[in-house]
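**Q** Line by line, the protein sequences are chains H and P. Here the first sequence is numbered in my numbering, starting from 2 and rising by one per residue. Here the second sequence is numbered in my numbering, starting from 402 and rising by one per residue.
Hints are supplied without guarantee of correctness; some may be wrong.
Ranges between beta-carbon positions, derived for each pair [unchecked claim]:
no. : chain 1 : residue 1 : chain 2 : residue 2 : range
1   : P       : G610      : H       : M369      : 51 to 57 Å
2   : P       : G610      : H       : H419      : 33 to 39 Å
3   : H       : L182      : P       : P498      : 53 to 59 Å
Stretch by stretch, here's where chain H covers chain P in the computed footprint (C-beta under 8 Å, at least three residues) [stated by the list, open to error]:
no. : region
4   : 440-451
5   : 458-466
6   : 529-535
7   : 581-593
8   : 609-616
9   : 635-643
Mimicking DSBU-like on lysine-lysine, the simulated pairs with C-alpha atoms at most 35 Å apart in a straight line are [as the list claims (entries may be wrong)]:
no. : chain 1 : residue 1 : chain 2 : residue 2
10  : P       : K594      : H       : K416
11  : P       : K550      : H       : K89
12  : H       : K171      : P       : K594
13  : P       : K594      : H       : K89
Bear in mind the hints are in silico, worked out from the structure with no lab data behind them. Ideal placement from N, C-alpha and C gives every residue a C-beta, glycine not left out.
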Amino acid sequence: MNTPFVWMWDLDGWIIAAGVLCAMSCALLGNFLVLRRMSMMGDAISHAVLPGIAAAFLLSHSRDSAWMFLGAAAVGVLTAVLTQGVHKLGRVDESAAMGVVFTTLFALGLVMIVRAADTIDLDPSCVLYGSLEATPGDLWLLGPWLVPRAVVILAAVFLINLTLVAVFFKELRLTSFDPALADSLGISASAMQYLLMTLTAVTTVASFESVGSIIVIAMLIVPAATAYLLTDRLGVMVTLSLVIAALSSVFGHLSAISVPRWFGYVDTSTTGMMAAVAGLFFGAAVIFSPRQGLVTRWLRRTRMSLRIVRQDVLGVLYRVRELHEQTMPTNVSASAGVDVGKISRAVGIGRVTAAFCLWRLSKTGRIMPDPDGYQLTPTGLEEGRSLVRSHRLWETYLRDHLALPADHLHSPAEKLEHFTGSRMQARLDVETQHPRVDPQGQQVP
Amino acid sequence: MNAPRFLLAAACLLLASTAHAADTAAWARVLFLHDHNTRVVVVGTSLLGLTAGVVGSFLLLRKRALLGDALAHATLPGIAAAFLLGEAIGLQGKSLPLLLTGAAVTGAIGLGAVLVIRQLTRLKEDAALGIVLSVFFGVGVALLGIVQKTPTGHAAGLESFIYGKTASMLRSDAYLIAGAAAVIAGVCGLFRKELALLCFDADFAASQGWPVRALDVLLMMLAISLTVIGLQAVGLILVIALLVIPSAAARFWTDRLGLMAATAGGLGAAAGYLGAMVSALWPKMPAGAVIVLTAAAFFMLSMLLGPARGILPRAFRRIALAHALTQARRP
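Using the sequences plus the hints, can you model the full thing?
**A** Quick look at the structure:
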């Protein structure tokens, strides 16, 4: 059972080619579906095309692709029209309208297929999962080369999608982000909507036979959503989604033929694994995306709060020193026994955080340990002084210009002091007319 | 009240057409549930439709109509994984409780994923549903692909969970549905007020100190339970229809939540009853699909005729109002 798989270009190469082309065709359209919050339309259309396909079979008595294209594309557009109709005429919530329409059409398709089971050979499950593994079996002579039919069709669909998206890129972008503005500029938002729906339907139909509709649904949403988490530029998003779609297909096929072997099974459906791999990419983006990721956002927040805590520590040390100078002017270098415990209580942080901040501060040369605790180096002294100066200037400013009561001055100043640069400090000094003492009567350093 | 009378009329019409199609004895046997098999199937699907209508009403009002779609697809990997796990540890992989437990587990994980994506990223509800739906279903298809190639897997018939196999419903399945339906309906009744508050004004509920998050999860757990028991009867794609269509249809009949839930339950039950019977009477009529089409017919009639929000009553009211205004303007 546990034989290593054999890579064959004739077989695996074509499977991957078909998968990549299909995934990229879908991902291209998916960007605009995700931005328009219409992600579920792909799901709806890919279920709803079933009666179109069945009707084409019944009418033409053949598996001729042209008929199926027509039938399914017509039903795909019909899905969008019916959903809008039920939504507008019946005042039904749009997603509910979609649910009513596509489940009904799917049920209709199932009944048609089952009733005509004697005359046509169409398995509904093939529509859902497709049989990508059978791709290399059905070859077309294209010039001097034998190319699988599915690859030719999917390549054509990809080129059509690419061309139309490139031609209408500006219109698609505008109608996706601001349909009202688009309409006022004379670009019909609903025309673009139906263009997208038609392309989605055509892509779904082209894919259903070779790769199945599950991969269409996955590739319409997942790569675009992943790219959306990684960037704020539409052009970059489209490019990224294409790359992610292609990678999902390649790794999907590789893992379909390798992963099950690790557990003692043979192999599994390539399309299912492509969707699963795309899901992994999405999960990674949710966690590690440079700006949106959960971990990166957490790291950024932690770094920021540690920076603030470090500044607070410098401020506390400065104030201690200041107090010391006032009470014992002869012995200015003493650190007055400021240790980790006192720092953690004064700043309101845990002992571990306090110890970590003190370690960082001494490593960057802002404080130095002495037998009694810690004291400021000249650099640290200057930074602490500047922080306390900002704090006291802010308190003065808030009292003079915002007329805040005396007991409301400290906490906003405590926040603002961390985001005050030297220019703003100078400006504050001017605005408060170079005060010598702050509202509490403490000297402004 | 118009709704029950209409339902009765619709039922009679459909029954009449059924009678016309098959010979009298056969439809009478089916209608009055003479055959044991038919009785089990009809009772099972009716109960399922009833419960789905009630739960679906709350989902619809909470604007979560398609949540059932994502949850239903998310049950597939659980079914396949439970089968593989059962085989691996020597249990009989096909045991229904095991498979349904697996389905419920991955359904719940899928629900968690929807909530995480919606709350913690900038993606919206639609993308969250679509991602969970397609990725979970993809994993399910991949696991099914493995199951197919195990020695026992091919005969396991796990694919019937996708399309349903209503006609071969067993007495134990019907009991399972009945029990689960009773529990789900009981919970809905018990938390009627809280769920209503959640659906109509979640912010107000939160400000009054209700645990909105927990209620939301409760509602979704109800949807998962219903989906899992519905898998067996109509399959995972069509159970979505039972959650969406009867409740959307009932919305045309009334503006009262209690009545709406009752109407939706009634429509769902009627669809289950009629669909199962049509399927029993005619050959080559898959029950799950026929149930959905029956529900869709109810929806279309409701959309046209429903007294509260139907298209024709609304048009009549507008015309009557215009008429009254012209009358009033006359000296």
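**Q** Each of the hints needs a verdict: does it hold here or not?
**A** Verification of the hints:
no. : hint                           : in the structure
1   : G610/P with M369/H: 51 to 57 Å : holds (53 Å)
2   : G610/P with H419/H: 33 to 39 Å : holds (36 Å)
3   : L182/H with P498/P: 53 to 59 Å : holds (56 Å)
4   : 440-451                        : violated (count 0)
5   : 458-466                        : holds (count 3)
6   : 529-535                        : holds (count 5)
7   : 581-593                        : violated (count 0)
8   : 609-616                        : violated (count 0)
9   : 635-643                        : holds (count 4)
10  : K594/P with K416/H             : violated (44 Å)
11  : K550/P with K89/H              : violated (48 Å)
12  : K171/H with K594/P             : violated (49 Å)
13  : K594/P with K89/H              : holds (30 Å)
Checked against the numbered hints above, the structure violates hints 4, 7, 8, 10, 11, 12; every other hint is satisfied.
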